[in-house]
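Those protein sequence lines, which keep their order, are chains Y and P. So in the numbering used here, spot 122 of the first sequence is number 122, and the numbers just go up one at a time. One gets the numbering used here by counting positions in the second sequence from 1 and adding 1000 to each.
Simulated from the structure, these hints should not be mistaken for lab results. Heads up, some of the hints might be wrong.
[To be verified] Computed list of lysine to any residue pairs in SDA-like fashion (alpha-carbon distance at most 20 angstroms, straight line):
1) Y:Lys16 - P:Lys1119
2) Y:Lys76 - P:Leu1010
3) P:Lys1054 - P:Val1072
4) Y:Lys260 - Y:Gly36
5) P:Lys1119 - Y:Leu123
6) Y:Lys77 - P:Asp1109
7) Y:Lys135 - P:Lys1090
8) Y:Lys77 - P:Ile1125
9) Y:Lys76 - Y:Ile23
10) P:Lys1090 - P:Ser1075
11) P:Lys1111 - Y:Gly120
12) P:Lys1090 - Y:Leu123
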Amino acid sequence: MESTAQPQQSIWGNLKENYRLYIAAFIIVTIAEFIGVKTFHVGSALIVLYPMLFAIVISVLLGGDILRFFTKKEAKKASSLVLVVITPFMAKVGVLAGANLPELVNVGPALAFQELGHVGTILLALPVALLLGIKKEAIGATSSTCRDKDYGLICHLYGSDSPEARGALSIYIIGFLIGTVYIGFLASFVASINFFHPLALAMACGIGSGVMMAAASGTLAAIYPDYADQIIMLAGASDMLAAIVGIYFTLFISLPITKKLYYFLEPKLSRGNSRHGNRTKLKGDA
Amino acid sequence: MTMNLRNWALSLLLTSVVTTLIANLIGNHVSIAESIPGVLSLSAIAFVGIALGKLIPLKIPPIVYVVLTGMVVASPISPIAQPIIDSTAKISFMAPITIVGTLAGIGLDFKSFISQSWKMVIVAILVFTGTFLIQATFAEIFLNVTNAFD
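Using the sequences provided together with the hints, build the complete structure.
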């Protein structure tokens, strides 16, 4: 496996290299927890801000681009640690799912069915992207929610320097930064309209990103305390399903649809067809 | 992931384990001693899941194995289901998440985000809004048709 190709780092090496990061992360979490959960009303929407969001803001401020407290190397290490620290949370999601297994079996078909919802997203986002003048980047950007696995897939198919991969990477980064905050706001706002059942909203939280799912379902759990456990269990199950079948869904259903629609709409919607300069060969073309 | 399991466990201990204990104390008012069994259960499930991911040569994100492991040990067929469910119930849902936001924020390339064109921000908002709303609509329809919660 990949791990053997890398020089193995000793425990002390790990400590020596990253102690600043570990200590700083501990302090940031403590500050964020002391700020605590803040709720307020915007119109009729209940907005819930919780420690995770404060932690993001504090760390971005301290990060390599603003206050420069952390080095580039530490920032890179922090990114790779995200995949480690998300696992206990996913374990909690799994435990909730196991404890509520009979109920989960009941809604399994519903979860599978709603995966199809992403096709609607393509129909909405792709024409707008084309009207804005975005070219092949739009294929990568709108064919999925562009989480890690989707970006990996697009890179694998088109090459990591292709316009398609650039588009997917843009959405990936934007999702990382504002997606988490935005999806929390969106969940509050949609809940305040009182149109959807809380559990339908819970199932909508599965967009293939654990962090975004946590933001959306955490907000919903705070708004509907009576349903809190079910919301978290269903959001987790929906996200898990998105993670398991999502990559195949992107590969076999949504990406082909996106490509068809792109070649159909692009000549009609794009301004100035001469600006076709960023056309690149598909990987593997002669 | 280019980390061996020993370093993986150490990193988890120094980040998630200690911060979840403190977050559960400050945010959820559960003493550290009371939180320890739950945090250790979650960490152990995570460790087993990641180890399985390394052993099983399928192209599935390792996090999926973590969720599946948690699901199996807490399901009715598991002999340790009750202690796992009881100990982890003491850990609030949001306690393990604060550290995720912290590290994601530190690792974020803020400059390249700022230089992202506003067009992509519009597309991203449409993608996330569309996915959330359309999934909610499909789920609502399905729940109404099948009466899954009655």
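Non-conforming hints, listed in increasing numerical order: 1, 4, 7, 8, 11 and 12
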